[in-house]
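Chains as they are written, first to last, in this note's numbering: chain A, 6 to 288; chain B, 6 to 288; chain C, 6 to 288; chain D, 6 to 288.
These are computed hints drawn from the structure, not numbers from a lab. Errors might be hidden in some of the hints.
It does not matter which identical chain is meant; a pair holds if it fits inside one copy or across any two.
Claimed, not checked - Calculated lysine to aspartate or glutamate pairs in the EDC-like style (CA-CA distance at most 16 Å, straight line):
#	residue 1	residue 2
1	K207	D232
2	K251	E116
3	K270	E116
4	K157	D182
5	K256	E116
6	K214	D252
7	K214	E46
8	K256	D240
9	K93	D169
10	K214	D44
11	K100	D130
12	K214	D232
There are 4 protein chains.
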Amino acid sequence: MSRFILLIHCPDTAGIISNVTSFIYSRRGNIVYIDQYVDVENRIFVMRLECEFQDAINLQKLKEEFSEKLALSYQMFWRMYSAENKLKMAIFVSKYDHCLYDILGRYKAGELPVTIPLIISNHKDLGHIAEKFDIPFHHIPVSRTIKADAEKKHLELLSQEKIDFIVLARYMQIIPDGIIKAFPNRIINIHHSFLPAFAGAKPYHSAYKRGVKIIGATSHYVTAELDEGPIIEQDIARISHSHSIKDLILKGRDLEKIVLARAIKLHTDRKTLVYNNKTIIFT
Amino acid sequence: MSRFILLIHCPDTAGIISNVTSFIYSRRGNIVYIDQYVDVENRIFVMRLECEFQDAINLQKLKEEFSEKLALSYQMFWRMYSAENKLKMAIFVSKYDHCLYDILGRYKAGELPVTIPLIISNHKDLGHIAEKFDIPFHHIPVSRTIKADAEKKHLELLSQEKIDFIVLARYMQIIPDGIIKAFPNRIINIHHSFLPAFAGAKPYHSAYKRGVKIIGATSHYVTAELDEGPIIEQDIARISHSHSIKDLILKGRDLEKIVLARAIKLHTDRKTLVYNNKTIIFT
Amino acid sequence: MSRFILLIHCPDTAGIISNVTSFIYSRRGNIVYIDQYVDVENRIFVMRLECEFQDAINLQKLKEEFSEKLALSYQMFWRMYSAENKLKMAIFVSKYDHCLYDILGRYKAGELPVTIPLIISNHKDLGHIAEKFDIPFHHIPVSRTIKADAEKKHLELLSQEKIDFIVLARYMQIIPDGIIKAFPNRIINIHHSFLPAFAGAKPYHSAYKRGVKIIGATSHYVTAELDEGPIIEQDIARISHSHSIKDLILKGRDLEKIVLARAIKLHTDRKTLVYNNKTIIFT
Amino acid sequence: MSRFILLIHCPDTAGIISNVTSFIYSRRGNIVYIDQYVDVENRIFVMRLECEFQDAINLQKLKEEFSEKLALSYQMFWRMYSAENKLKMAIFVSKYDHCLYDILGRYKAGELPVTIPLIISNHKDLGHIAEKFDIPFHHIPVSRTIKADAEKKHLELLSQEKIDFIVLARYMQIIPDGIIKAFPNRIINIHHSFLPAFAGAKPYHSAYKRGVKIIGATSHYVTAELDEGPIIEQDIARISHSHSIKDLILKGRDLEKIVLARAIKLHTDRKTLVYNNKTIIFT
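Hey, can you work out the whole structure from these sequences and the hints?
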């Protein structure tokens, strides 16, 4: 039995659901999940569908037929995946270790359907954690003068290991456009505030200063505009006047790791779809 | 333009989605919402669908065709509603006023797509609120000796006003089987605990005694088993050791009214479907 | 038996708690609640204390003694209240009714230890609600040309009724400096976003456009800087891509009324203390 | 400079705060934190206090004076700790690894002020994790026939390493009374439900069956009554009908590890105090 995931967005018009589901059914496929959404304002149709086939199915052939019979006439942006396929994930870190420990703990515990061929860092500090968990660790320093050089090394490593997507686990460097373009909507960042509040540096300090009663964390895809990419997941924690900045940072660590982990899970389960700088989340 | 809501549950088999959506499409209907779920354990297929027809459509005729062409062969339990149809809601209260104030405030503010032909109470206390909001108020005392009599009066009033569903807004009497049978999955109760914890009387006292750190409220459909009906909505609030029972009761008031209001909204939007003592919530 | 509430902030130094509690104890008072906090960064000591006296106590005399023996030497900003004293609250509204219904429902249900001598509005629309709940309603139009005139009328009414604090229950006008100065940290506003995100007009539209996964509401004291006053309370609700702006507005109504009600409760229980544009909340 | 933590509970009477704070002040100590609570129902006074002394202070002498001058006359249960003192923590595990990974990640990241001299397990499975993090791992099988033997080995190891408290990180064995008595209110368990709902085995299965809309986790001190000990911390997560039991278990993992970590932090910061089977949490 083979299982496929289909993601679509296209101009909204009548008959899409009926025609797509008939396409599956007529090939003896069974739809096990369908979630659809119409963006009325922009007249855009969005759908995620999971289907199973009893018979052996050639994914390449299915894609060609789908393209020819449906995708073209409905002007679809679409992707079709085998549900069994494991994504290759790269992790970028700097000096904070809590997100890295959390991701690697989940990885070893079998929570994440990925392989992790490499961890890249601009500092040496977390190399010992990579070693504990048997993941190759690449120390690539970044500074103003060697920026282009670092980017080149990054792209080589990512290409060499056939990386599908990148997780910035509190990586404290701005990602250059070259990498963003090579991984469109495939770089996941965790920002330690409830965006759009407190974008930029030192959000916990700003939150403390403003006297907010709740702090947050936001995971989003990286785009050329800093902290402006499509949001995948957010969560919050209550604080009070009695919490110091240090307390906020400590409380924030738990938020950051949980929110980032949820975003990674949504991405690897192919439950995200981006358009107009928004992330549709299928549940 | 007319809009319909279709709710289905039936044994799971291949082709249901394809056939139902084709049925709509072939009548020049457009599906604006579809949400589906397969209960793998029990092999049950569940779906909610909203569709729009440009042409004038005869709901009765559509139902007949649907029944003949699809419902019978798939052994469906199904309902089809006009989305414009307003439900008639009865409210039962005793002495607590917070849920009643909240529901009537929402009603007057246009939040609830219902009409409220009557409020029934076993006490006179809240009559003045009904009067403020211009809703007929029926005082029907209930006691061991006149229980059957009260039930008869209730059923007469409910039938006379063609009531569609009942909301127990902290009504402190057990609903007799006769009324439950007349309104299957159409009586909504609010219980002031996080069920199944603290079922029965005085849940805030029990919560206080147990030293829980979180209290809750649960809205559910009423069945013959007390506090055991299918859950529609739940929510919680944090408490601490410093809260007295009185504090819990006060904090609980907000929980109760919000959770009950959400359950009423889900019910009136036809976003609930009950089977196996569980409530499917379509979002 | 009489009960008093004491609120203090002053430069931090050793011995304050010991001396204040001895002051109470030596007058045969019993401390039933004490909560204290030291702002280490600014070296400020903050305390809230509730005490009971078996004997009849002259509040005025107690205040004089406290001032002479303690407040002066420790350079305290301090207030002492009789716990029995009910505050006089004015409500300002425009056209949105949900917060007004909620406040008046709570008021009638006995949840709020206040009297409400008047409701002021720049529109006539909500007069019927004030009437339902038997509260005097004053329609005072505000426009560019008659702004100063309106402010004068507001101040007259507030003074005439000896109003202690003002609640802006979605009042859609900027409060002029004259009123802010007359009610420092005594005007409570509800802003329909998670401040500092989406300050200013149309926050739900901005939230929708940004694609956030969580919306919020913020209650704060009004200062001369719009939406920049000290925050009293915040809360949030999860949303998804499938929610329209209209859905956000509807979901937001519940948030707004709950957050505003909590802020009013904290204020009337004398559990707030403002300094450095932050609100200390005693729990 | 030395910092001490004082925890007290005793019959409520006038003057305790005044006398205790004067005791500190007269020894040139400065109170940096005080939180107090009166259980009115049972007339019990509870307090947590942190104080700093500029001068070198002999903790033993301070304790003796406190005992003589205050503790005896007020019939206090009390403890006084040096804030610098690190607790020795033992971890018990079986086969689930998520809580263990989380605790050890926090430990290595410096979040927990403890040392971890040993991990004890009734299975060999998680030995490799202990090894990764360089913690001695003791495999002590438990079965009906060798129960007493296992208990003896446990107590020997705990005594040998001078263990202060035990964390059951999803340890799937009932703790014998001998160990509970040796560690009163010093064994922290994580139960994978919102207690008192779904006590006992397989709570996720029961939650699924009941159709709850929210699941929870509860951390509590272990007493002789299974799942009935004083609750330290609880939290919840929203679920829907579409979540399978497997999904609940996965979602629950995050809840369990966060709730357990918070409970450990509260315990090691000496912010918990137990009486009448309730845990007072100082914030």
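Checked hints:
For the homomeric pair K207 and D232, the shortest alpha-carbon distance inside one copy (13 Å) is at most 16 Å, but the shortest distance between copies (22 Å) is not. In this assembly of identical chains, K251 and E116 lie within 16 Å of each other by CA distance solely across copies; the values are 12 Å between and 30 Å within a copy. For the identical chains of this complex, K270 and E116 are intra-copy neighbours only, at 9 Å inside a copy versus 25 Å across copies, given an alpha-carbon limit of 16 Å. In the homo-oligomer, the alpha carbons of K157 and D182 lie at most 16 Å apart inside one protomer (12 Å), although the nearest pairing across protomers, at 58 Å, exceeds that limit.
Taking the shortest Cα distances, K256 and E116 sit within 16 Å of each other only across copies (10 Å), while inside one copy they are farther apart (23 Å). Within a single copy, K214 and D252 get their C-alpha atoms as close as 14 Å, which meets the 16 Å cut-off; across copies the closest is 31 Å, which misses it. In the homo-oligomer, the alpha carbons of K214 and E46 lie at most 16 Å apart only across protomers (11 Å), although the nearest pairing inside one protomer, at 38 Å, exceeds that limit. Taking the closest pair of Cα atoms, K256 and D240 come within 16 Å of each other both inside a single copy (12 Å) and across two copies (15 Å).
For a Cα distance limit of 16 Å, the shortest separation of K93 from D169 inside one copy, 5 Å, qualifies, whereas the shortest one across copies, 43 Å, does not. In this assembly of identical chains, the alpha carbons of K214 and D44 lie at most 16 Å apart only when taken from different copies (12 Å versus 38 Å within one copy). Proximity of K100 and D130 under a CA criterion of 16 Å is satisfied intra-copy only: 6 Å inside one chain copy versus 31 Å between copies. For the identical chains of this complex, K214 and D232 are inter-copy neighbours only, at 15 Å across copies versus 20 Å inside a copy, given an alpha-carbon limit of 16 Å.
This entry satisfies every hint, going by the numbered hints stated previously.
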